[in-house]
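Asker: What follows is each chain in one-letter form.
2 protein chains.
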Amino acid sequence: MIYLDNAATSFPKPETVYASMEKCIRTYCANPGRGSHSMSVKSSLAVNNTRERIAELINVENSLNICFTKNATEALNIAVSGLLREGDHVITTCMEHNSVLRPLKILEKYKGIKLTVIDGDGLGRIDPFIIKRHITKKTRLIACTLSSNVNGIIMPFGEIGRTAQNNGILFLLDASQGLGSIEVDMKKTYASMVAFPGHKGLLGPQGTGGLYIAADIRLNPLMSGGTGSKSEYLLQPELLPDKFESGTLNTPGIVGLGAGVEFIEKTGLNAIRTKKNELVRRLYDGLSQNRNIKLYSPEKVEENSGIVSFNVKGADSSEICTLLDGKYSIECRSGLHCAPLAHKHFGTGKTGMVRLSVGYFNSLSEIDNTISAINRIIYEVNKN
Amino acid sequence: MIYLDNAATSFPKPETVYASMEKCIRTYCANPGRGSHSMSVKSSLAVNNTRERIAELINVENSLNICFTKNATEALNIAVSGLLREGDHVITTCMEHNSVLRPLKILEKYKGIKLTVIDGDGLGRIDPFIIKRHITKKTRLIACTLSSNVNGIIMPFGEIGRTAQNNGILFLLDASQGLGSIEVDMKKTYASMVAFPGHKGLLGPQGTGGLYIAADIRLNPLMSGGTGSKSEYLLQPELLPDKFESGTLNTPGIVGLGAGVEFIEKTGLNAIRTKKNELVRRLYDGLSQNRNIKLYSPEKVEENSGIVSFNVKGADSSEICTLLDGKYSIECRSGLHCAPLAHKHFGTGKTGMVRLSVGYFNSLSEIDNTISAINRIIYEVNKN
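Going down the list, the protein sequences come from chains D and E.
Residue numbering for the first sequence follows the UniProt record's numbering, beginning at 1 and increasing consecutively.
Residue numbering for the second sequence follows the UniProt record's numbering, beginning at 1 and increasing consecutively.
One chain only, chain D, in its complex shape (with noise of 0.2 Å):
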């Protein structure tokens, strides 16, 4: 089996994942800031590890500034429903994925927001200039992805941060593809928040995920309920991350998190990030030979976050994918991958593409039978 679906989630993880999860739900699993016997303030302990890895990683000061949730989903909609009113603006982009364009659709139906969507250029990559021309009075925030789900072209996210900051916007950064092998450094990028899934490029677990937010940013909670701290008050506490870490957390997972984020920082941000390269390069090289092929993701590794997308010719994405599976165990994504204004852009919204991403754990034999069997099924897809 060839596992080409790291923009979906990682796999596999590394083996210090699988043992850090299997100790702590073996033999020290509590409720983590509910209890102070001693099993609980060890959970307690290994979720703050998990939060303070995180907060190096990113560049953050106090890691109590960053929130666990469930996935990069519930961190963008805390984002998104906490913060914004009637009559904020909001600039978004074509590139963005479900989980930013829907809860602002929403805001935009149901409580009287303004949203303006940015269109990218030929490979999506989004302009900050054009960004800055949208920008009026009422803008409250730019949303902005690191880089696509789609084609994985990475935004300028550090300049769109200063175009926010410097017109006194707030900036949302969805980090869901390519935290963990591009660098993320609150210092120089002045995002207000920070979006990010446990279990993509931080190599973690499913069920996990977070939100960065800034000292000066305050948002309504999602959510309410028990949160271990101030158990006499009848509304939600202040105090972060409490306020939006309410009921138990996923500590089994939060730690598997952390084992993620050492592994990352043991092997060095920038060996991951050109072991990935040299595999997107690979793979890409290898299908552009094929003239049957047409690609949709850069050409230049150092602005593609480690997706090869393409389509084959007279042929829907789905019938590859399913071939691809079928004959050759390799696993990739087909379809729309919930980011339909993007597809849009690329005039793909009935074929979809066919999306192969590569992780730190492919290996170049394994992109180099992805090449010959794509070969084959287009030989064969022709000859019939």
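The set of hints was computed from the structure by calculation and includes no laboratory data.
Relax, there's no trap hidden among the hints.
Which copy is meant is left open, because identical chains are indistinguishable; a pair holds if it fits in one copy or across any two.
In silico EDC-like links for lysine to aspartate or glutamate, alpha-carbon gap of 16 Å or less:
# : residue 1 : residue 2
1 : K344      : E232
2 : K105      : E232
3 : K350      : E232
4 : K230      : D242
5 : K105      : E86
6 : K275      : E302
7 : K132      : E159
8 : K344      : D119
Chain D is fixed; fit chain E onto it per the hints.
Answerer: Just chain E, lined up with the frame of chain D:
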């Protein structure tokens, strides 16, 4: 170590929970419902297997009416925020957890709902006739816990459900305490919604929970985002369970939860209940011998979901728990247990209570050792 904090999270889990999670995360953990490749399909099937097991446990015909959440708190927030509108009247009880009280209090403060909080009897038990007396034309919802997380008293939830149904009112059952050892049958209970955690009585891991939503109930979603279905829509699809399951699910967690429910099926609800009753009876009888102890839990095991709460005259609950943990490695919980109105009801708002909560895996000898330890602590405290 003796673990008596099962009301916070159950520990240990059945061996099959650990093994199934390990197998999932190591061998097939792709993104469920997001791709058509074999691993993704296998993950989807595993998630839906758990969904069906839970549907069977609570006797629900269509498992798609069960939506997975990260914990019971998320499920309760979806139920409360998704249903209630300005002007609605809600009846709840003083025995609720903050995961019910806080969402309702926030709606009362900011969204114009009316809230009636019913008091319980000496043990905190809610009388359905008192609920009935408070029903008005505006009453939309009755929200009540299956049993108290403070003292274990089991509520007459079947009768409360009937009262709701007879008056055309919806009933939200918070099944956080008791599901997995107390029969909850949707054909008998008349609940419109049931919120449950996966990591307590269902013996699954943290990071799991769910909400059963009856077919005729329409709730607004708390979050929106990628659902893997109808990706071309820029608003949230209405389809269940997708409407409430935006973003990547916690596949290994849900797989573990399925193994937990399977363990319950195989062992039998009655056998689990009988074992817990035996432990509670021994604990209650043992502690009631010491005249320095004030007990707050129901003496009759058929009225108790598995908790023995008490205070020691002249001592704060946290002092006792700290000694139990530090000197005897007995893990239990002091304080307010996120249920401030229940403690107000019992007059323990300042001292809290020592809560011992048993699980299926506790033994009688652990209970005997706990009783001895508590007696010795009281002897030492009184000596000083």
